[in-house]
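Asker: Residue strings, one per chain:
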Amino acid sequence: DQQVKQNSPSLSVQEGRISILNCDYTNSMFDYFLWYKKYPAEGPTFLISISSIKDKNEDGRFTVFLNKSAKHLSLHIVPSQPGDSAVYFCAATGGGSNYKLTFGKGTLLTVNP
Amino acid sequence: KAGVTQTPRYLIKTRGQQVTLSCSPISGHRSVSWYQQTPGQGLQFLFEYFSETQRNKGNFPGRFSGRQFSNSRSEMNVSTLELGDSALYLCASSPFSGGGYNEQFFGPGTRLTVL
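Same order as they appear, the protein sequences are chains A and B. So in the numbering used here, spot 27 of the first sequence is number 27, and the numbers just go up one at a time. So in the numbering used here, spot 92 of the second sequence is number 92, and the numbers just go up one at a time.
Keep in mind that the hints were calculated from the coordinates and are not lab data. Backbone N, C-alpha and C define an ideal beta-carbon position, used for all residues, glycine too. Among the hints, erroneous ones may be present.
Calculated lysine-lysine pairs in the BS3-like style (CA-CA distance at most 25 angstroms, straight line) [to be verified]:
no.	chain 1	residue 1	chain 2	residue 2
1	A	Lys56	A	Lys5
2	A	Lys56	A	Lys68
3	A	Lys54	B	Lys57
4	A	Lys71	A	Lys105
5	A	Lys5	B	Lys57
6	A	Lys105	A	Lys5
Quick partial rundown of chain A residues pointing at chain B, CB under 10 angstroms, derived from the structure [claimed, not checked]:
no.	residue
7	Tyr32
8	Pro44
9	Leu101
10	Thr110
Start from the sequences and build out the full structure, keeping to the hints where you can.
Answerer: Following this line, the structure appears as structure tokens:
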């Protein structure tokens, strides 16, 4: 049972345009959500997070939106740059002492020059 | 500050063998978590260690085990290897326990191939 789903395995956008990566979750106990970015041959690196008490968090070109009623979050990258090309993982945690991270399967973002 | 290091980077084993992977966290970090990444399942949590104690465990069989030493270095062991254990094994460290609530710093991973 996959509790965090990233339904788009890949996404291709033009440099300078907006990239929107989507993520859905099923576990209503999740209360903290994160995005990680992974380049080939490297480990994932933390990008941005959001608590369930917020609906938006912004950090430079990266904004994460959370829609709790729809159990949906999205990551917006504006403007997209070729260096943003990587696999993006959505992750969630929550449920009292069960604070392990549950990841989605990832979305490969390709930003074309 | 040096990042998380994992050794070896690549490993080839045959079915039935056992394997031990090592992880050295960032200096001062006391929490180490292990993840398995496969194309079909994505990143899956194996376990977290903090101050030499296992704090949390994922849904993996008992063939997967780990430990943490007093210097925070951690090892994970997989016994009786199966073909399906072929994966990238990632280690992540954090200053505190609390798993996903704290930013985790990942190593580059160990690529295990089981033949």
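Asker: A separate judgement is required for each hint: does it hold in the structure or not?
Answerer: Hint by hint, here is what the structure shows:
no., hint, verdict
1, Lys56/A <-> Lys5/A, "holds, 20 angstroms"
2, Lys56/A <-> Lys68/A, "holds, 11 angstroms"
3, Lys54/A <-> Lys57/B, "violated, 29 angstroms"
4, Lys71/A <-> Lys105/A, "holds, 17 angstroms"
5, Lys5/A <-> Lys57/B, "holds, 21 angstroms"
6, Lys105/A <-> Lys5/A, "holds, 7 angstroms"
7, Tyr32, "holds, 6 angstroms"
8, Pro44, "holds, 5 angstroms"
9, Leu101, "holds, 4 angstroms"
10, Thr110, "violated, 18 angstroms"
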